[in-house]
Structures are given as structure tokens and as C-alpha cells.
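Dock chain B against chain A, hints included.
Chains as they are written, first to last, in full-length UniProt numbering: chain A, 1 to 777; chain B, 1 to 255.
Read the hints as simulated data drawn from the structure, not as lab findings. Fair warning: this is a prediction, and the values are worked out from it, not measured in the lab. Be aware that one or more of the hints could be misleading.
[Stated by the list, open to error] Simulated crosslink set (DSS-like; lysine-lysine; CA at most 25 Å straight-line):
(1) B:K100 / A:K676
(2) A:K8 / B:K18
(3) A:K51 / A:K495
(4) B:K71 / A:K692
(5) B:K116 / A:K405
(6) A:K692 / A:K7
(7) B:K100 / B:K116
(8) A:K7 / B:K18
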Amino acid sequence: MLTRMLKKDFQRNKIIAVTLFLFIMLAALSISCAVGVITEISGATTNLFEKASIPHFTQMHAGEINNPDIDSFAAEHGDIIESHQTAEMLNIDGADIFLGNNESSEADNIQQNAFVKQNTVFGFFLDMDNQVLRLNDGEIAVPIYHKQEYNLQIGDTVRIQSGNYSKEFTIVSYLRDAQMNSALSESKRFLVSDNDFADLRENIGEIEYLIEFRLHDVNNIGELESLYLSAGLPQKGPSVTYPLYRLLNSASDDIVAAVMILVGVLLGLIAALCLRFTMIAAMEEDYREIGVMRAIGINHKDIGKLYLTKYVVMAAAASIVGYALSFIMGSIFTANIRLYMGEVEKTVFSRLLPMAGAVLIFLAVVLFCRLVLRRFRHISAVEAIRNGSSSDNGGIGRQNLMLHKSAIANVNVFLGVKEVIGHFRVYGLLCVVFMVCTFLIILPINTLNTIESPEYITYMGVGRSDMRIDIQRGDMNRQYNDLLAYLQNDREIDKYAGFFAGSYEALTPDGMYERIRIESGDFSVFPLEYMQGSAPGEEGEIALSVMNADAFGKKIGEPLTVLVNGQEQNLTVCGIYQDTTNAGKTAKAILPHDPKNILWYVVYMNIKDGAGISAKGAEYASAFSDAKVNEVDEVVRQTMGNVIGQLKSASIFAVGIAVGIAVLITAMFFKMLTAKEAPQIAILRSVGFSMKDIQVQYVTRVMIVLLIGIVIGMLAAGTLGQSMAALMIPGASSIKFVVGPLTYLLCPASIISAVIITLWLVIAPMKKTSGFIMSVE
Amino acid sequence: MNNILEARKLNKTYDIGKNNSQQVLRDVDLDISQGEFVLVMGPSGSGKSTLLYNISGMDRMTSGNVKFCGKEIAKMNEDELSKLRLTMMGFIFQQSSLLKNLSIFDNIILSAFRAKEESRQAINERATQLMEQTGILELRDNTITQASGGQLQRAAICRALINKPQIVFGDEPTGALNSKSAGEVMDILLEINQSGTTILLVTHDAKVAAKTERVLFMSDGVIAGEKQLGKCSKDKSDAKDRENELTSWLAQMGF
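Next comes chain A alone, as it looks inside the complex:
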């Protein structure tokens, strides 16, 4: 009986049934996939970290080191430190590295390339099976990032060449580096054998130390960090903690999961709105029958069940299909995770969680149906049998808009406008859908445009400039002074500003000193847009990145106690800015130059019009071989490369989904509407309105709601969307979209054309003459 009923209903309203099924299925699919991605990230990260035995706290240090000091520190704090090691990392200039068959070196790559040997205690480098790598002499394992970026194959070579020194390695494996896998991490490590490492160390590069600790309890990281700082151990470099490693590894996939959850929720909402419209339309269609059933004593709950069963079966089937499809689709979205972190064995838990997502969608649909079906209570048997329809007499505003008083010259346009105004609650649904579709298209495209734009550099904590030169090794003070002198005499340089970064300690709200890296210099040359306040203009002021402001619990005007040369200084917080670099934790101030406390120097410059940036870059790269010269646009592109890639996929996905939704909803909505309005259409045709006239009326209706929806959608994307984009990009708390020149033209155009074509396809079959007389009667 039920099968027969469902079959008949499906045959009667094929488009509607298919559309509803698709929406529920896609919602279940998106949520299941998102939950799957999150489960996979969590599982894969844990697995990778376990296999690699990742350190819980790493202090990088570029400079001299005294290992016995560290050993005694570790011994002293054996209650929290489980084990420790000091690993060596050999930074080799990109200009000396030649990957695969590339003729050119890696001089243009902003990633810092370092060579390492396998650790013995923990922090292991793994192969693609997550096994600890063991290499023979002459062999090398390259980071996955490089494999992807340069399409490096097993058997390819990596050549190191500097002056007379040359060494060639054969790639035997790709390297999963749990600590520096992510594109967001600035350094990438190559693994070689112990002998090769010793050879390289002797001939080339700069050694940087990684002082690493594993703790008995991960929760003691904060305590260890303060103990380490107060012990005065080496700290010329950034420190990274276990939670940050987790964040860095999952950031780009987290964005994918967040977008999918958003899409899933939106699809669920649209499915609910469609269901409401479909159910109300079905009730109107069966109004008289419902009246008869009520009249012969059938309870409204029982009548409701007849309708509910249909939607419960549909929702269940759609959720099951959505969940099943998530196995196939999920593997596409988790490919990146599997590549960078390895396969995780599927557990019952990892299967059940995505299913919970689908079940959630199913339950939401059923609950919503029950809410809509409460309308049955209000149907009067007498009214239903007598009228055969609900007492809809044209909707609100019917008296306000009169044809004989209207200024609208075209009767068809008038009828379209009047219908939309009269039934705005019904058309509101379409309006919301078009709004959501516009939002869905514009948000990722705007985010992508913003990240790809040259202005994005301001979210990386620096003002807009053409080029930057980083001095991080060798005799940094001498190089810096030489560079400034060179710049002074270069007539092709428009302006420049040099900064030095030092490591200091600042007082946290809980009374402990925490390390803070502060950049000093003249911040007025390349002004940065501050979220609050402004750049430090005099000594005694400090500007903090958003994450540091949070970490130190500071607002504008409040003092921050910083230890400068062992002396406590109260610096007033004068500005808060966004920074997505260095894990978002940076600061700017005007502090005295202490050549002993220099982590790095960086110089930003603008080149005069007419002089080529690339040529200038090459000139400085050869003049200052130990410095790292980069075009700023390239820095953004490479740092954000992975995020840009993910966003591009998300944008294509969003455009597809949004246009798909718009098409399906338009088809479903107008199919139901034309069926419902068949008698009215027939009346119009009988008095001489042609099919073209009727079509103009429908196009008018859809254009009104489309335009309203698109305008609101664009406004929402520009306001709410900006806040959402800021949430997705770690370290950026407020983003101002950079809008592409065609975004606000092409995006609406794509929806408008899709909707109009769909509407045309739906109303075109109404052309047949015969049949419309029946409807009049």
C-alpha cells in the first residue's frame, strides 16, 4: 500500500520528488563528508604524531649552544620532561639547491630549505608508510611539499652546488615531516644519511639548533616554556608547541571541513524550506479530500501521518544515499590529509561519526515535517468541502496595487509585480534561496581574490612593498649595514625601511614571563592597516598582533611589561594588527638596537617606476648572497599557495552547488506554481493573452525575487562574509575583501542566466493550446 502510494506520488510530481531527494541527500553528503574530514584529520594527526614521536616543545636557536646546560636543565626538571634532544638543522640557501631536472636553483623559493639527519630519540622523519626512514649515503628524502610543487619522482636527483663544492643525491623516498609538513610552515627539511649530513655540514650552510622536549604530560607545556625562558637557555629563534604543530598540520583541511559544514547546513535549510512549500502545496491540492477525511471522522494526526510517511521514507532514503556517497566523495576531500599525514585505519568510530551527521539531517527533516503538518489542525471540514481550496484570495496588498491606477505600462509586468507583492511569503522562499546562492558563490571568490591580491600582505603583518630582503645568517650586523649603505646609493629605489627582530620576555596576565619576538624600526615608511590604534611612533610604545594581544590579555592603552636588556620596561600598547605569519604571534616597537640580541633583519623596499622588480631582485641577490631576496607578491603566493589551492577547489564547488541549487529550486518552485495556477493561466489565455505574455509574467516574478536575493546576497557576502572569511584564516581576525573587477558582474549573471533558462524550460511545455479550456472549466 505504502509503496504504491509513494510510487504514484513520485510519478505525479517527478521533478519535485527528485529535487527534494537531491537536497536532503546533498545536505547529508556534505555533513557526512565534513565529519569524515574532521575525524580523518584528528585520526591522521594523532597517528602521524605518534609514529613520529613529535616533540611537545621545540625551541629553535641560530647561534652557539651549550649542550651540558640543556642536559642539566632536563635532569633538573625530570618530573615534567620525559626526554630531550638537540637536533641540528643545516640551512642551505635556495640558490645552492637544484631540484630534479631543474636548471635553475631554488633562489626564488621563499621556503627555507634545511638538511637534516634522522633523529635517534624522537621527532622522527617518516616515509610514505609512516615508517622511520633509514637512508644510505647518496640517498635523500624530499618533503611532500616539494614533491607536489615540483612533481619530483623517485630516482630524480637533488644537487647541492656552491662554488667548488657539489654533491648529488638520489631521491629514494618522500618525507613526512610531522613538524614542518604544512605549507604554512616557513621551513622545509630534506633528510640525508648521517655521513652525508656531516659532509654537508663541513662545506656549506648555516647550522640552526632545535632544542626539543617530550613531556610526561602534554598539559605541562606552558610550565616548561616559562621554566625554559627563565633558565636563560638558548632562544635565538621561534619556539613551537605541540598544539601549534596540530594547528599547522590541519589548517588547510580544517577550512575545507568548515566550508562543507556551512554548505551542508545551508542545503539542509533550503531542503526544509522546499519541504514546507511542497507540503503546503500538496495540502492545498488535496484540500477537499482532507476536508472529506476530517468530515468522516479521521483524526488530523492520522491524516498527517499519510503525508509524513512519504517524507520520512524520502528523507531516510536520501540520508542513506548521502551517507553512502560520502565514502566516495570523502576520499577526494581527504586525499590531501592522506598524502601529508598518511592513511588511518578505519575504525567503527570513524564510520559511525559521519553516519551521525546523516542521521542528524534525517531527524531535522522529520521534525520539520511534523511542525508543518500541524497546519492540519486548522483545516475546517466544512470550508474545505465547500470551497475546495483554502481561502486565498490573492494575497496581501491586493487592494493597494490596482491595474487602473498603476503607472506600470506593461500589463504583464504589472501582473508579475502584483503576484510577488501579494504573495511575498511564498516568494520569500525563492528570495532566500537566491540570496544564499549568491552568498555561496561570492564568499569563496572574494576570499580567494583577497588572498591572491597584493594587499593581502597587510594581513601578514607588514605594509605593502615591492621587495623584501631577509638577513638571517652569517654576520647579520655587517650584512645589514652594507645593505643599508647600498640602498642609500641606489637611485632606482623609491623608499626603504629596515627592521630588526629581537627576542624579549613579556609579562603574561598570570605573572609569568613569556618569550616575545619584537620587530623594531621605522613603521611609517610602509604603513600597515591597524585594526585598532596605530603603529608605534616613539619609544615606550608597542603594537601587538591580534593573537599576542589575546595571549597577553592587552587592549589599546594598557601597559605591557617587557624585559629589555634585563630591565623591566612598561610599553604602552598603541596598536593591534593582524598577522598570519609566525603562527600569528608578533609585535612591533621602537627598541634600542642590541647587536647581541638579533634574530633577523628584514628590509622592505619600493622600486621606482620603470625599474624592473625582478631585475632589481637579481641585482640584490647577487650583491648580498647570504641574504634572502624576495618579491613580496611571490612571498604571498608561496606562503598561501596551499590555502589558495583549497579555496580554488572550494570556489568551483560552491559555484557548482549554488547554480545547481538555483536551478533545482526554480524548476521545482515554478513546476508547482504553474500546476497550481493552471486555471488562472487558462483564464488569461481565454481572454487573449498569449503564451509569451504568460512567460513575461513569470519572468517578471522571478526577476524581482532574483534581484532582491542577489542584492541582499552580495551585501551579506560583503559584510557577514568578511567576518566568516576572517574566521577561516588563522591569525586574521578582520578581513576587508578585495573584490575582483568582474565578481559582482559575473556571479549574478551566472545565477540569473541559469535561473532564466530553467524557468524557460519549465514554462515552455505549457505552449500547447488544448487543455487550457479544461482548466478554465
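The following block gives chain B in isolation, referenced to the frame of chain A:
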């Protein structure tokens, strides 16, 4: 007198399921002169309404030839047929068939505003005059739920006449009305006919039919007989005589 409408060998067959068809009109020949008031009667299923819709171009005939004002409607495309209905024909159905989202006045002027053959002001004036003539002027700004069936049918007549059509087709226009309202509607139609508009009605009601000058009787898809009653006067005894004459003729025809 000139024929406004000529039908020759008109056939209409409907497909009813797989390999089944039903012929509703069989080689119907019909001439209607300018200014005539013609009525079609017959039992249910005899093809009355089908005849009306096929000769008016609302439905496509299966074969045959219909000329309206000298033009062959079978050769017209959908747009030409729509224009024909808009400017030269008026229709009245059993139910008033007005649009529910427009006021009664707007329903009446709708097709004239679409045709744009007169100024909006002239159309408004004409609609007001028609409403006054049919006695529904006080319903001008009412919605269709705020009027009785008889009033709505009068509004439908106003709408049918707004573009000054050559011919008005009516499919049981009094079928859903009580006898008083039906009589009033027929009086209005007679008045319109007297002012020169050709009228072709389909009805079951002999009392209504007795008011017309020519009655056609349809049976099994053919015009089985025709009765000329002559012009109707306002004399009540004359009306009774015409009704009796028609009833006995219909009885002879087996109705």
C-alpha cells in the same frame, strides 16, 4: 447578411489512451451571420462545447475548415489566435472565471489594457459604462470574493465586451445561476445582441434558449436539427409561447 463565421466539414477527435480515440465532432457545417443570436442545445456529450471551442480557435480542430471574418483559423499560429481572442472575440464561461488577485474592475479592463487599442482613460470610461449597464457599478473595487455568482457573471460579460468584440461565445453562462439571475444575464446578452454583437451560446436550459432567434440541436457530434424562433420581444406571453414551441421541437428531436 454576411457570415461572420463559417465552418465546413469540421471534425474533432480526442486520443483517449493507447490506440483509442473518440470522435466528438463529425463533419459539422455551420454558418453564423453578423448580428445573429445563435444557441446550441443538446444532451451531455453531444459535442456542444467542443464545437464552440473549435470554431473559436480555443482548441485545434482535427480536420475541416473554419473561417472567422474571412480568415482561416486553422492556419493561424498561437500568437495570431491569441490576438484574435483578444480583439475580436469575447468569452463567458459557466463559472465567472475571473482572476482572484484582481479587483472586479481590473478584471474587466485587463484584456483592454493588454490590447492597447484605446487610451487607458477611454478603457476606464468604457468599463464604468458597461458596469453601469449590467448593474454592478457599486462592486467596482470589490474583490471577486465580495460578489455573488450572478454579479460575477455580469462582470464576466463586461470583460467579454470590453474590447468591442465581433462575436461573444458563451459556454453555459447561466448554468451556475438561479433562475432570476439567469434571466437577468440573458436580458443583458439580448441587449448586447440588439446593439449588433453576434452571440453564440451553449446551454441546456430551454427557458434561456427560448430568448434567442436560432437554436441548433446537436446529437452525437453532428447538428441534428435547427429551429428559427425569430426575434424575441419583451412581451411575457410571447416568451411563454416561444418556450413551448421550443420545448415541443426539442421533444421531437428526442431531447
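- Query: CA of A:K692 to CA of A:K7, is that 25 Å or under?
  - Reply: 35 Å, violated
- Between B:K116 and A:K405, does the CA-CA distance stay at or below 25 Å? The hint holds at about 16 Å.
- Item | Given pair status - A:K676, B:K100, alpha carbons within 25 Å | 13 Å, holds
- Message: What's the verdict on A:K7 and B:K18, does the C-alpha distance respect the 25 Å limit or exceed it?
- Response: Roughly 22 Å between the alpha carbons, so the hint for A:K7 and B:K18 holds.
- Pair hint A:K51 and A:K495, alpha-carbon separation not exceeding 25 Å: The hint is violated at about 50 Å.
- Message: For a C-alpha distance cap of 25 Å, please report whether B:K71 and A:K692 respect it.
- Response: OK: B:K71 and A:K692 at ~23 Å, within 25 Å.
- Query: Can the restraint linking A:K8 and B:K18 be considered satisfied, given a maximum Cα separation of 25 Å?
  - Reply: 20 Å, holds
- Query: Within 25 Å, alpha carbon to alpha carbon, are B:K100 and B:K116?
  - Reply: Answer holds: B:K100 to B:K116 is near 23 Å, not above 25 Å.
Checked against the numbered hints given earlier, the structure breaks hints 3, 6 and satisfies all the rest.
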